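Enquirer: Listed here are the chains, written in short residue letters.
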Amino acid sequence: MLKRVGALALVTCKEGIRDRSLFGILLFALFVLGLNVAVAGFFMRDLGKVTVDMNLAALSFAGLLLVFFIGINLMAKDIDKKTIHLVLSKPFSRGEYIYGKYLGLVLLVVCTLALLLVFSTATVAGVHAMYPAYFGGFTWGVYFWAVAFIALQLALLCAIVVFFSAITTSSFITLIFSVASYLVGVSIEEVLFYLKSQAAAGEVVASETLRTVLEVVAWLVPNFAAFDLKTEAAHGLVLEPARLFTSAAYGAGYILILLWLATLIFRRREFN
Amino acid sequence: MRWRRAGINALMLVVLLPVYLFLHGISWEQRAEVRRSSPPGYTMPAPFSRVLAMGYQGLLSDYEFLRAITFYGDRSVKQERMSAADWDFFTYSLEVVTDLDPYFLDPYVLGEGLLTWDAQRFEEANALLTKGMAYRDWDWQLPYYVGFNHFYFLKDYASGSEYLMQAAEMPGSPAFLKTLAARLAYYGGKSQTALLFLQQMLAQSNSDTLKQRMQKRLLVLERAVQIEKALQRYRNEHDTDPVALQMLVEEGYLQKLPPDPYGGEWGILRNGRVYSTSKFVDPKPAQSK
Amino acid sequence: MAEIVIESLYKKYKPGLFKKPVQAVAGLSLTVPAGTVYGLVGPNGAGKSTTIRMLLNLIRPDRGSVCIDAQAVGDGGFLHQVGYLPENPYLYDHLSLRELLRFAGQACGMSTQQIEERIETLTRQTGIAHALKRRLRTFSKGMRQRAGLCFALLHDPQLVILDEPMSGLDPLGRKMVCELILDLKQQGKTVFFCSHILSDTERLCDRIAILDQGKLVREFEADDLRAFRDKERSLEDEFVAAVGGGN
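Taken in sequence, the protein lines are chains A, B and C. Everything in the first sequence is counted per the working numbering, starting at 1 for the first residue and increasing by one. Everything in the second sequence is counted per the working numbering, starting at 1 for the first residue and increasing by one. Everything in the third sequence is counted per the working numbering, starting at 1 for the first residue and increasing by one.
Derived from the structure by calculation, the hints contain no laboratory data. It should be emphasised that the depicted structure is a prediction, and the values quoted were computed from it without experimental measurement. We treat Cβ as the ideally placed atom computed from N, Cα and C, and that holds for glycine. Worth double-checking, as some hints may not be accurate.
DSS-like mimics (lysine-lysine), calculated; alpha carbons at most 27 Å apart, straight line [said to hold, decoys possible]: (1) Lys14/C with Lys14/A; (2) Lys19/C with Lys215/C; (3) Lys155/B with Lys131/B; (4) Lys14/A with Lys141/C; (5) Lys3/A with Lys231/C; (6) Lys229/B with Lys216/B; (7) Lys196/A with Lys81/A; (8) Lys78/B with Lys196/A; (9) Lys3/A with Lys14/C; (10) Lys141/C with Lys82/A; (11) Lys77/A with Lys175/C; (12) Lys81/A with Lys231/C; (13) Lys82/A with Lys14/C; (14) Lys229/B with Lys256/B; (15) Lys12/C with Lys82/A; (16) Lys81/A with Lys14/A; (17) Lys19/C with Lys77/A; (18) Lys82/A with Lys231/C; (19) Lys133/C with Lys81/A; (20) Lys229/B with Lys155/B; (21) Lys20/C with Lys215/C; (22) Lys77/A with Lys231/C; (23) Lys216/B with Lys78/B; (24) Lys14/C with Lys77/A; (25) Lys215/C with Lys175/C.
Some but not every residue of chain B turned toward chain A, in silico, with C-beta under 10 Å [what the hints assert, rightly or not]: (26) Asp62; (27) Leu110; (28) Phe122; (29) Glu123; (30) Met133; (31) Ala134.
Work the whole structure out from these sequences, hints included.
Expert: Printed below as a string of structure tokens:
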């Protein structure tokens with residue numbers, strides 16, 4: 001079983017890597033990395049923070065583009081062009097198909113991120129060498145942890161994409177729902193804490209029903225802020241192992257639930 | 001048929017292109033006009049900025065900071081005075097930047113550099129810096145600035161000394177801080193301590209615009225110190241203040257009275273400190289608009 | 001050895017949200033004995049492709065049963081013995097032929113050596129051995145069809161299901177497919193295919209069924225086929241008679 005899943009993952013990853021759009025995404029990311037070197041000079045002291053901010057933004061945004069466009073395409077193309085008939089004519093169970101495609105997407109993301117990380121490391125090291133005095137708190141360790149958690153965020157996003165692809169037939173709907181899930185997941189923590197602080201200060205900004213709805217949403221949608229180590233990386237703040245472990249476990253748990261649900265739904269699907 | 005197509009292409013080249021270039025020029029000029037008379041800027045309130053940043057709060061804080069510093073630089077280059085509304089916007093900008101990323105050092109440094117000397121908004125500067133101290137709890141610079149503000153601007157030597165002591169306890173703080181804090185408690189505000197402060201800020205600074213302004217301030221303070229030293233020597237020997245500073249030159253304590261780079265005239269305050277009519281600030285430009 | 005038994009198969013599906021449901025297959029029953037070549041013919045929309053998809057568990061029947069080797073068609077496992085070539089196969093564009101075939105082999109649990117041997121044999125047999133390193137994007141329709149055949153047969157399945165295997169092939173290609181099918185039959189495999197080309201169907205099959213509007217209208221066995229081959233009767237005439245009358 002593992003071999004089958006692995007074979008499908010490999011094929012999916014290869015399809016993705018050889019997509020010409022990837023080239024565009026890489027170029028964009030490299031452009032931002034280069035821009036980072038120029039922009040750093042505009043700031044006064046905290047050049048390390050600005051460099052890290054831009055690098056992590058480039059990596060994470062490139063990852064987003066990768067998942068939303070190439071990732072969704074990889075899932076949808078199979079069904080649109082009926083390649084899935086060919087794949088499912090081999091002894092793949094529906095579950096194996098889902099996991100195989102998912103792992104292929106994740107593999108694609110990890111490879112791309114690894115490549116970009118090489119360039120990013122060079123950029124950060126370069127700016128560091130240019131302005132050594134202004135890299136106060138920066139540590140490579142925290143930086144790499146931040147990148148690892150960006151990869152985890154993207155893996156979670158891949159699971160969301162696979163889930164919606166399993167449900168709908170239109171790749172556009174998958175895109176809309178995946179983007180919406182991402183936007184909500186990224187801002188839900190901010191919104192909830194703001195409402196809580198306002199309530200604590202005695203100011204009522206939103207009605208009770210709205211707050212309840214948002215709390216329900218917070219249960220349904222993954223809290224992407226839990227995987228956001230950008231501030232810690234920018235300032236070299238201390239990372240507690242317990243927090244890292246909890247976040248990783250939370251992410252992994254959510255991914256597994258999504259894939260399980262996707263498999264359940266996919267089993268009932270018919271392919272004409 | 002071929003001639004007609006060639007004709008149309010020639011028409012495009014000869015007519016459309018120059019028209020576009022002309023319109024392009026006009027459009028940019030219009031935009032420059034619009035920007036010249038632009039009102040002070042607007043920054044979205046922090047909670048909204050945080051949500052809209054979609055996980056990129058750090059990056060947004062960098063961008064907003066650049067906006068703030070170019071806003072000030074713009075006014076500075078055009079030699080326009082910052083109005084009260086301008087300063088309100090500027091202060092609020094820094095608030096938002098530090099709400100987006102409270103660990104970001106630059107807004108605190110910029111706030112200290114400008115809100116105190118230029119805007120005379122000491123309480124706001126201190127509020128900003130105190131907020132930063134809660135997050136950058138390893139950074140001696142922030143309590144140092146707060147301490148300086150208290151002693152130099154607010155004349156609150158007790159609080160100033162307290163903050164400086166706090167800064168002196170922190171890792172990496174310069175050696176002179178402990179003695180400075182002690183001396184503060186004893187002397188009260190003298191130009192020499194301000195001099196040391198500025199020298200440190202200058203050495204650390206990366207921004208050219210700010211460097212120039214500080215060089216100037218450094219220069220005027222060095223000259224003030226020079227005069228104060230001569231003044232002290234005079235007092236020690238005569239047991240009284242001279243009637244006019246010119247007497248220091250006449251009696252040989254100073255070779256000559258160094259000019260004030262801000263264009264003012266030196267004088268002695270009733271408490272014996274040296275001051276200048278320029279108040280160490282650039283003169284107002286002639287009212288143009 | 002694999003035999004197919006289809007009993008009272010029904011399938012209705014909705015072509016769109018507000019459209020009337022279409023009865024694609026209406027009470028189909030047929031048996032494909034092991035080791036035979038079975039041909040399914042019929043007009044467009046007769047339900048041939050739908051039947052094949054139910055054979056592969058791509059869609060589930062409303063009523064009735066589909067059994068391969070006396071086991072009901074279920075999730076995944078039975079496919080070890082099945083090779084399928086769809087009509088107009090769309091393959092992973094950016095892969096090379098060799099990568100695609102390797103995938104086919106790995107999906108069936110073959111060892112690397114087995115895979116390489118089969119690739120060699122099959123590509124030579126279908127005449128695309130020279131294109132092993134090329135991306136599938138660059139393949140012509142005929143080559144894609146042959147690639148699909150290799151994909152279907154790589155794991156040497158007992159049951160081969162082909163949906164319009166001759167489509168897009170030039171006369172040489174059609175000859176190749178015919179030889180391939182006969183070769184499979186000689187090896188004792190079961191072949192189930194549907195086609196629009198009646199002449200080839202006549203030549204290759206042991207049994208032929210005519211499908212129309214989801215129902216089995218005529219079935220021809222050994223005697224009938226001998227008559228077709230001896231030109232005593234014409235499959236085309238019988239086809240038109242069985243189907244044309246309904247229109």
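Enquirer: Each hint: holds or not?
Expert: Hint-by-hint comparison with the structure:
As the CA atoms of Lys14/C and Lys14/A are separated by approximately 36 Å, the hinted pair breaks the 27 Å bound. Restraint check: the Cα-Cα separation between Lys19/C and Lys215/C comes to about 22 Å, which is no more than 27 Å; the hinted pair holds. As the CA atoms of Lys155/B and Lys131/B are separated by approximately 22 Å, the hinted pair is consistent with the 27 Å bound. For the proposed pair Lys14/A and Lys141/C, the alpha carbon gap of about 23 Å is at most 27 Å, so the pair holds.
Between Lys3/A and Lys231/C the CA atoms are separated by roughly 52 Å; this puts the pair beyond 27 Å, and the hint is violated. Of the supplied pair hints, the one linking Lys229/B and Lys216/B holds, its CA atoms being roughly 20 Å apart against a limit of 27 Å. For the hint linking Lys196/A to Lys81/A, the alpha-carbon distance of about 49 Å lies beyond 27 Å, and the restraint is violated. Simply put, Lys78/B and Lys196/A have alpha-carbon atoms about 45 Å apart, too far for the 27 Å limit, and the pair is violated.
For the proposed pair Lys3/A and Lys14/C, the alpha carbon gap of about 37 Å is over 27 Å, so the pair is violated. Between Lys141/C and Lys82/A the alpha-carbon distance is near 16 Å, which keeps this suggested pair within the 27 Å criterion. Note on Lys77/A and Lys175/C: the hinted pairing is violated, with a Cα-Cα distance of about 33 Å set against a maximum of 27 Å. Distance check on the hinted pair: Lys81/A and Lys231/C sit about 41 Å apart at the alpha-carbon level, beyond 27 Å; violated.
Between Lys82/A and Lys14/C the CA atoms are separated by roughly 19 Å; this keeps the pair inside 27 Å, and the hint holds. Distance hint between Lys229/B and Lys256/B is fulfilled; the C-alpha atoms sit about 13 Å from each other, no more than 27 Å. For the suggested pair Lys12/C and Lys82/A, the alpha carbons sit about 20 Å apart, so the restraint of at most 27 Å is met. Among the hinted pairs, Lys81/A with Lys14/A is consistent with the structure: their alpha-carbon atoms are about 18 Å apart, no more than 27 Å.
The suggested pairing of Lys19/C with Lys77/A holds, with an alpha-carbon distance near 26 Å, which does not exceed 27 Å. Among the hinted pairs, Lys82/A with Lys231/C is inconsistent with the structure: their alpha-carbon atoms are about 39 Å apart, more than 27 Å. Restraint check: the Cα-Cα separation between Lys133/C and Lys81/A comes to about 23 Å, which is no more than 27 Å; the hinted pair holds. Distance check on the hinted pair: Lys229/B and Lys155/B sit about 21 Å apart at the alpha-carbon level, within 27 Å; holds.
The suggested pairing of Lys20/C with Lys215/C holds, with an alpha-carbon distance near 19 Å, which does not exceed 27 Å. For the hint linking Lys77/A to Lys231/C, the alpha-carbon distance of about 46 Å lies beyond 27 Å, and the restraint is violated. Pair hint Lys216/B plus Lys78/B holds up; C-alpha atoms about 19 Å apart against a cutoff of 27 Å. Between Lys14/C and Lys77/A the alpha-carbon distance is near 22 Å, which keeps this suggested pair within the 27 Å criterion.
In summary, the hint linking Lys215/C to Lys175/C is not supported, as the alpha carbons are separated by about 31 Å, beyond the 27 Å threshold. Hint status for Asp62/B: holds, given a least beta-carbon distance of 5 Å to chain A, under 10 Å. With a cut of 10 Å, the hint placing Leu110/B at the interface with chain A holds, because the nearest CB-to-CB distance is about 7 Å. Evaluation of the Phe122/B hint against chain A yields a violated restraint, the C-beta minimum of about 21 Å exceeding 10 Å.
For Glu123/B, the shortest C-beta to C-beta distance to chain A is roughly 22 Å, which exceeds 10 Å, and the interface hint is violated. Below 10 Å, beta-carbon pairs count as interface contacts, and Met133/B has none with chain A, the closest being about 15 Å; its hint is therefore violated. Annotation: interface hint on Ala134/B violated; nearest CB of chain A at approximately 14 Å, more than 10 Å.
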